[in-house]
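Visitor: Take a look at the letters that make up each chain.
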Amino acid sequence: MFVTILDIIISGLLLGGIYALIAVGLSLQYGVARVLNIAHGEFIMLGAFLTYTLFTGFKINPLISLVITGPAIFVVGFFLYRTLFARLRAVAPTVDAFEGNSMLACFGLLFIIQNVAILIWGAGIKGYSFWAEPVSLAGAKFAANRLITLFVALGICVAFYFFLSHTRLGKAIRASAQDPSTAGLMGVNINHVLALCFGLGSLMAGLGGTLISISYQIQPTMGLEYTVIALIVIVLGGLGSIPGSFIGGLVLGLVGSIVTYIDPGLSLVAYYVIFMLLLLAKPTGILGKS
Amino acid sequence: MSRQISNTHKIVVPIILILVLALLAAAPLFAPRYTIILMISIFMYVIITVSWTMFSGPTGYVSLASAAFFGAGVYTSALFGLKLPLPVIVPLGGLAGFVLALLVGALTLRLKGAYFVMFTFGLVELLLNFLLWWEINITGTTGRVVPPVSNSAVYYTMLGIFVAVVGSSYLINRSRYGLAMRCIGEYEEAAAHTGINVALYKIITFALSAFFMGAAGAIMATRWTYIDPHIAFNPLISFLPVLMAIFGGIGHLVGPIIGATIFTYLEEVLITKFPYYYMLIFGIIMLLAITYLPEGVVGLFQNLYKRLTGEKNGAA
Amino acid sequence: MVLLEGEKVTKFFGGLAAVTRVDFSVEPGEVIGLIGPNGAGKTTLFNLISATFPPTSGIIRLKGQKTSHLKPHQLCRRGVSRTFQNVKVFANVSALENVVLGAYFGTSGQVASGQAYDEASGLLDFVGLSDVKDTPAKDLTLSSQKRLEVARALATKPDLLLLDEIMVGLTPVEVSGAMDLIRSIRDRGVTVVMIEHIMKAIMNLCGRIIVLHHGVKIAEGTPKEIASSETVMKVYLGDRAHAVY
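Chains as they are written, first to last, in the numbering used here: chain P, 1 to 290; chain L, 1 to 316; chain Z, 1 to 245.
Bear in mind the hints are in silico, worked out from the structure with no lab data behind them.
Misleading hints may appear alongside valid ones.
[Unchecked claim] Under the rule of at most 30 Å between Cα atoms (straight-line distance), these lysine-lysine pairs were calculated in the DSS-like manner:
id, chain 1, residue 1, chain 2, residue 2
1, Z, Lys234, L, Lys112
2, P, Lys126, L, Lys273
3, L, Lys112, Z, Lys138
Just chain P, with the same shape it has in the complex (with noise of 0.2 Å):
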């Protein structure tokens, strides 16, 4: 009995783990730099495709891929954010136009982006090995790579935490998401800020990617159920806050784990289901402002 709580607490952090890193990324980008990148999933593929090549075709570690994998999605959405988004934010005459286009125009992201994967992969399901072996943790049994990503996904986000909180940058960025004109009579570059953000914003999405990879299967379709996770936990955790992502994303994990013990095909429909309950009591999530 206990071991049955045990695993379904484990499994439930090891996804929320993997959940609060790509909510984060999402929240940047939507509660800073203002765009719903409901292309999100298809920057979460790319990650885990990548990984997977650098596996199969180089043998590189999935784990030392994360410093290949994160940079190199990161230039991909800063370069997009200051090509296409930064444009459409000069031309849009109010911000809630500029919400608008740049949603659609990541809709169109999304179908190229998924495409392009598909001519470079095909449109099959992927996969790897990597240290599969099972792994006894208080009499539960976890395959190894299951472990090594809870513990690498919740690193990620307390060290963006402190990046947030302790750096000039990152404090940079907590300005620009609270008041982005006083932040940038302050002297902060408020152009840079944003694409940095929707760049970093892509970072976790890539790293997500790669640890998704490591212990799932992966296909280039693979990322409208991500996004779909990733727009429920940033609502659950209340728009524009970014800890409100890191907890939904936990508390999402974990209600995932418990409904997979219940009955596996059900985990999106047990998300949605929250999601309705939120739009009809507390559309401000958890740490939203009422």
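Please arrange chains L and Z on chain P, whose structure you already have, making use of the hints.
Guide: Only chains L and Z this time, still in chain P's reference frame:
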């Protein structure tokens, strides 16, 4: 001079429309089978795009759920196709879309637009997931069969829905309700204080647009004959109407029709030889349209026309 | 019968008290001024009266009936109409269509389109905008847009009209014109409550003035009483004495 033009306008345009309609109605008698099948596809996308524009155009609430409503109609056909006749299935499919949209609208349209976008985006994936689970665990089926129907029957049903949706759109636009919807899109608060029941109007219009999508789905199901959740709920059907409406131009009724026709034709031409390239190209066109074509192709031509006639007359 | 009354009306936003235990009553036919420094809660009070959101506590009654459960469109049909501090005319629609919207939807019961357009035309004449009937609202001057908002509000046939700073940004000549317009509205039998910073208008038009400060009613009385009230002068008029002309 302009008075005379608008009077001829009033006679000529209806005549042209009647001729076009007569041509479309007679087409199955003389046109090759391939053309009829292409027309059916064009009707399908025009219906979905015009329906999408009926709500998302004036209000600015971008619905990414078209595939969910269309799929609801497809699935209705799959569930009842063997038990009920076609003239019942099609409105039933429409009703399925209508009810689903009522629920979604009641839940999300009271809140900021971002929630609406997020909820509708995930809806297709949710329904897909749920129905897969249902079919595996509850009903034990792996896909269902829909009895096929003659091409002519499909064609005429689609023609009927096409006329209904374009006609409704036109009438609504000209009416006080269309005016109310456009004003809701600009300043919801001011519209409410002017006496408009904003929530009700948004929800009803949204549900109405979903009705047409569901009806179209119900009849299109007969063309695919084998339906499983993946076939019924295809995210591309949420993406394409948005692309077509934006490219064509949301402000004018003709915009979505033109956009849908162009892209359906492109898809037909490209889908066999370049299946993934064409989706890639559509994605790129989407980016270009958002960035450089804010008023769509129709808006572009309208502006060009204004500039040309303005120059001819000397002053604005 | 009292047209509008409020008892201990209070509104909290999170921990911030925007309006605290404000009492008020408005008789039919009055022109009431609502003044106070920026942030005093005046627009919040308007939002409460027009049912934009319900009060946290306290009661508001229109013609003797509670209004806190009503939605804005329902209250509009019962006879309350308003303008907005940041002008909210429907930009891409003509002036006439802006007003006709109010004629169509602002009253209970169906209005035929012919009648609605006639009423709208009449109201545009009334506010002095008859020559820009077909101009898109976004192409009108600010002063015209404010008049358009008034016309749109009047199209809903209100018993009570809430005017939120309609004279901001107007030239002295335009201010006089606006004052005449308000007098005409009063003469038509519409009760007016106006938020204004321009003292000339408040002192000359209003029979009674309510003064808010930090969400609390600190004074109420005739223009003479308010002008000589020490409390008010300390808090508000003292800084604005130069504006009394």
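Visitor: Hint by hint, which ones does this structure get wrong, listed from lowest number up?
Guide: 1
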